[in-house]
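My request is simple: use the sequences and hints to build the entire structure.
Here is what each chain is made of, one letter per residue.
There are 2 protein chains.
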Amino acid sequence: MTSLSKVVGDSIRGKILAGQLRPGERLVEDRLSAELGVSRVPVREALLALSMQGLVNIEPRRGASVAEVTPETVAELVEVRALLEGLNARLAARHHEPNIVAQLRDTLRRGNEAAESSPPEALARLNSEFHERLAVASRNVVLSEVMRSLRDRTSLAFALNSRTRAREDWKEHAGILAAVIDGDEELAALLATRHVHNAAAAFAGANA
Amino acid sequence: MTSLSKVVGDSIRGKILAGQLRPGERLVEDRLSAELGVSRVPVREALLALSMQGLVNIEPRRGASVAEVTPETVAELVEVRALLEGLNARLAARHHEPNIVAQLRDTLRRGNEAAESSPPEALARLNSEFHERLAVASRNVVLSEVMRSLRDRTSLAFALNSRTRAREDWKEHAGILAAVIDGDEELAALLATRHVHNAAAAFAGANA
DNA sequence: GCAAGCTTTATTGTATACAGAGAGGATGAA
DNA sequence: TTCATCCTCTCTGTATACAATAAAGCTTGC
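Quick mapping for you: the protein sequence lines, in order, are chains F and U. Under the working numbering, the first residue of the first sequence is numbered 7, with each subsequent residue one higher. Under the working numbering, the first residue of the second sequence is numbered 7, with each subsequent residue one higher.
Source of the hints: derived by calculation from the structure; they are not laboratory data. Treat the hints with caution; some may be incorrect.
The list makes no distinction among identical chains, and a pair is therefore deemed to hold if it is satisfied within one copy or across any two copies.
Cross-link-like lysine to aspartate or glutamate pairs, in silico, DMTMM-like; alpha carbons within 25 Å at most [unchecked claim]:
{"hint": "1", "residue 1": "K12", "residue 2": "E65"}
{"hint": "2", "residue 1": "K177", "residue 2": "D188"}
{"hint": "3", "residue 1": "K177", "residue 2": "E35"}
{"hint": "4", "residue 1": "K21", "residue 2": "D158"}
{"hint": "5", "residue 1": "K12", "residue 2": "E35"}
It should be emphasised that the depicted structure is a prediction, and the values quoted were computed from it without experimental measurement.
In structure tokens, the structure reads:
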């Protein structure tokens with residue numbers, strides 16, 4: 007992907023994930039290119055890339071809109087993500103490289119602090135950072151890429167969490183990391199899988 | 007994705023998967039657009055989409071080339087695919103819808119015949135059809151899409167199989183389908199996972 | 001007052017045009 | 001010959017222009 011297209015894509019993705027662009031909202035190429043000060047070409051390429059990731063829907067001759075994630079799709083995403091996060095944690099536990107573990111510890115510490123006081127956006131960013139670093143720890147690039155895409159799509163559906171859920175999140179993160187450090191593959195996998203299900207259940211409960 | 011871009015993309019994907027375009031081969035936009043009788047725009051969009059699927063690499067200012075799948079990437083792909091095919095077969099066994107099962111039986115029958123006499127391309131097509139229909143049987147669209155992408159990438163690495171392996175393939179397909187029909191989730195998952203590993207091992211063995 | 005058909009307008013899909021970066025080759029010196 | 005430098009030329013990245021479609025609004029007939 008080229009420079010401008012990448013910048014534009016990141017910008018749009020950011021706005022979508024931040025809730026600044028709502029699901030269902032139309033993404034008109036002219037408007038976006040005017041806002042960003044580029045021509046329509048990079049915008050089109052960015053939208054196409056986002057549609058391949060499932061963040062944007064493109065209907066022929068009707069254009070792009072922010073993807074609407076139905077409850078069925080959420081269930082599907084969660085099922086696949088839970089399995090893959092399990093594998094990922096298992097692999098991370100298998101390797102448990104010291105410097106990656108150190109980075110995870112750092113993220114964990116900041117996450118725990120942020121869970122008490124920081125605004126939801128900062129929490130979301132730290133959450134993303136933890137999962138991203140855990141993905142690196144598995145040393146499986148294919149897995150990491152698939153998971154990142156699925157993570158973006160779920161966070162599109164889940165919006166921002168409550169503070170009580172944030173505390174739970176980081177408790178569970180701590181458990182996963184402890185298992186990874188111990189090299190306990192089974193436990194790491196179990197906790198990571200359960201973590202995904204728990205987050206989904208908490209969201210479903212909060213919106214019941 | 008738009009009409010022409012889709013056509014162009016399917017055309018290029020077909021040539022890549024058929025081995026007509028070799029890994030590492032450069033994909034020059036001008037040349038492709040001239041060959042296909044379209045402008046560079048649909049070609050660019052098609053290449054971008056293919057790069058998002060991992061079939062094509064795009065380097066900034068250097069353009070696109072058919073992805074080269076390293077042995078490490080193959081191992082990563084196989085690990086993820088094996089797990090997901092397992093989940094998929096498990097879900098298929100859970101539902102075992104009669105008309106999808108009937109379709110799978112049909113594909114299986116034709117696959118068994120083809121394994122004896124048909125050319126490799128026809129075998130590859132039937133193999134793809136079996137896995138595609140099995141994916142439908144899981145009723146998880148997210149899972150199906152991820153798996154299709156991974157399947158394309160592995161077949162890019164594995165090229166075409168020998169006839170003896172083809173017979174094995176279809177024996178294993180039969181086993182998976184039988185477990186699906188029985189509603190035996192555990193067995194279906196086990197066999198599907200093993201099927202992916204077996205195919206990979208057979209290829210690695212043949213190229214040792 | 002309402003519906004059907006036409007017209008206009010907004011927006012996508014495709015083509016063409018142009019600028020700039022990188023690769024490869026030619027030229028010259030050691 | 002071999003290496004460095006410059007030039008050229010190919011190709012990408014971005015912009016602009018044009019064509020075509022679908023939606024919205026308006027007009028007209030009943």
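Hint-by-hint comparison with the structure:
1. K12 <-> E65: Result: close both inside a copy and across copies, 22 Å intra and 13 Å inter.
2. K177 <-> D188: For K177 and D188, only the intra-copy Cα distance (17 Å) is at most 25 Å; the inter-copy one is 41 Å.
3. K177 <-> E35: Neither: 43 Å inside a chain and 51 Å across chains, both beyond 25 Å.
4. K21 <-> D158: within (12 Å within a copy, 32 Å between copies)
5. K12 <-> E35: both (15 Å within a copy, 19 Å between copies)
Checked against the numbered hints given earlier, the structure breaks only hint 3 and satisfies all the rest.
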